[in-house]
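Given chain A, put chain B in place with the hints provided.
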Amino acid sequence: MSEAVQQDWLWPLLVLLVSALATYAWRGLGVLLSGRINPNSALFTWLAAVAYALVAGLITRMIVMPIGPLEETPLIARLAAAGLCIGVYALTQRMLLAILVGGGTLAIWLAVG
Amino acid sequence: MSLPPSYPDLAFPDERAAFHGGLRYAFGAPAIAIGASFLGFGALVRESGLSLWHGLISTATTWALPGQVAMVELYAVGAGLVAIALAVGASATRLLPMVLTLLPLMRQPGRPRWHYYAASHLIALTGWAVTMRLGPGLPPPQRLPFFLGFTLILWLTTLAGTAIGYLLPDVLPTAVTLALVFLTPLYFTLLFMEDLRGKRKPVALACGALLGPPLFLLSPDWSLILTGLLGGSLAYVLTRKVPS
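So the protein sequences, as listed, match chains A and B. Each step along the first sequence adds one to the number in the numbering used here, with nothing skipped, and position 109 is 102. For any residue, its number in the numbering used here is found by taking its place in the second sequence, counting from 1, and adding 3.
If we strip away everything but chain B, and leave its shape as in the complex, we get:
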C-alpha cells in the first residue's frame, strides 16, 4: 500500500510481484478518481432508457469514457449506426498515440503477439500515464505485468462505478455529485505534475495545456488531435537537442 507515488525506480523481484505491485498501486487515488467518473456514466445510462447490463457491457468492452458518453447520448436521440461509429471512433483517436508510445516500452522478445493485442484493450489515459512514467524504471519483462495489474483494478472499479451510478441515482446532493465528477480532472492534473520533473515532457505538457482551450473553441470535434499534433510538434522542435 505504501509504494512511493513518484519515484521511477520501483523494482520488483519478479513478474508476478510486478503484477501485484500494479494491483496495489491502483488502490487509493487512481481507483477512486476513475471509479467516480463512471458514477456519472451509470446515471446517464439509466436516464437514456438503457439497462444496467448495457452500461456494464459498454464499460467492459469500450472502456473509454468520452466515447461511451457519446454512444449513450447518440443512442438516446435515435442516431444511426454509422453516425455512432464515427463519433465514437473520432473520440477514440486519442488512444492511438498512447498505444504507439506505450507498446514499445512493454514489448519483450518471445512474448506471443496476442498478449499485446489483449493488453491494449486496457490502454487509456491513466494506465498509459502511470506506466509511461514508472515502466522505464522497471526491468522490461516486468512492465507488462505491472500495467496489467494496475489497469485490471481500474477496469473493475469502473464496472463497479457504472453499476453504483445506475442503481443509486439522486442519492447524493448535486454539489457532491459534481465534485465526484471533478475528481477525475483533479487526479489527472496531479498525475502529470509528476512528469514536470523531466526535461521534454514539461514542454509538451505546457504546449498542449496552452493550445487546448483555444483550439477547442475553434473546433470542438478536432481540437484534441490538433492540440496533440500542433503542440507536440512544437514541443518536439523546441526540445529536439535536449537529451531525454
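With the rest of the complex left out, here is chain A:
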C-alpha cells in the first residue's frame, strides 16, 4: 500500500501538507497562548529573552558552523566577510551595501583561493 502511495502524484502533496501543518501548528499554538500574555509581565520579558537568545545562537551557528553548501567554505573567509560587512554597516548605516560587500568578499575569496 505505502509503496503504491509513494509512486503516486498524491505522495509529494501529502508530504507538503504535513510539513505545512507541522510548521503552522507552532504558529497557531502561539496565537492561542499569546492572548493571555501581558507585554508588561515578567513572563513576556523572559519569553523575549528566550527568543533573542535563540536567534542569536542560530545566526552565530550559521556563520561559525553552517550546515549545507556553506560547510565547504573556510571559516576564516566567512569571518572576514562578516567582519567587513559589520564594518561597512557601522561606517555607512547602509544595510544593502554592507551585505553586498560581505557577500562580495566571500565570493572573491572563494574564487581566488
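Derived by calculation from the structure, the hints in this document are not laboratory data. There's no promise every hint is true.
[As the list claims (entries may be wrong)] Taking beta-carbon pairs under 7 Å as the criterion, some of the chain B residues facing chain A (in silico):
{"hint": "1", "residue": "P100"}
{"hint": "2", "residue": "Y120"}
{"hint": "3", "residue": "L175"}
{"hint": "4", "residue": "A178"}
{"hint": "5", "residue": "L186"}
{"hint": "6", "residue": "G211"}
{"hint": "7", "residue": "P217"}
{"hint": "8", "residue": "W225"}
{"hint": "9", "residue": "L227"}
{"hint": "10", "residue": "Y239"}
{"hint": "11", "residue": "V240"}
{"hint": "12", "residue": "V245"}
Where is the CB? At the ideal position from N, CA and C, for every residue including glycine.
Only chain B this time, still in chain A's reference frame:
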C-alpha cells in the same frame, strides 16, 4: 524608500499608510537577503526530483526555510510521513517564542481573532525581528498592518527566489552561489546589531551567541531550543532588575 533603518519612532498617518510603509521597508536588504536564501531551496527542490509547483507550494504554505530543507531532504531519501512531520515540526519549534512575543504587541481590541491566526503564518525570523523593534514605536493599530506589508513582500520574494533557483540552476559560478546563500546570515547579523542599543536585548543576544555553537556540537537537534531556554533564562536573571 528612505525610511531610516533603525529609529524606533516611525509614525504613519493611518493604518493604510502603515501597511504601505511595511511594503516599502521590505525593499532592499531584507528582500534581497531573504530571496537569495530561497534560490538555494529552489535548486534543492529540482535536485530532489520534485516539480517547481511543489517548491512553490512548500514556500507558500510552510514558509520556514529550515523546515522546508528538511522536508525536501527527507522526501529525497524516501522517509515516511511521521519522520518528516517530526523533523519539520522540531525545526519549527523556534517559531513559538517568536509568536508569543510578537502577538501581544500587535493585538488590538475589537479585531477579529482570525486576523491573528492568518497573520501568524507570516511570522518568521525577519518579520519578527523588525516588528519587535519598530512595532513599539508605532501606535498599536498600525503594528499589524506594518507587519503584514513587510512580510507580504518577503513572502512574494521567497516565491520568486524559489522559482528562479529551480529554473536557473548552475547559471552562476559556485563562489557567487555560496556568497548569495551567505547574504542571509550577514543580513541577520546586521538586523540584530540594531538591537544592541537596548538594555536587555544585548545580554540575551550575547548569551545566545556564546551558547549556540557549543550546544550545537553537543546536540544538533535540540541545540536551538536549548540555546533559547538556557541563554534566555540566564539573560533574564542577569537583567531582571534593569528597566526595559
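Hint by hint, here is what the structure shows:
no., hint, verdict
1, P100, "holds, 4 Å"
2, Y120, "holds, 5 Å"
3, L175, "violated, 10 Å"
4, A178, "holds, 4 Å"
5, L186, "holds, 5 Å"
6, G211, "holds, 3 Å"
7, P217, "violated, 10 Å"
8, W225, "violated, 12 Å"
9, L227, "holds, 6 Å"
10, Y239, "holds, 4 Å"
11, V240, "violated, 9 Å"
12, V245, "violated, 10 Å"
Consistency note: the structure conflicts with the earlier hints numbered 3, 7, 8, 11, 12.
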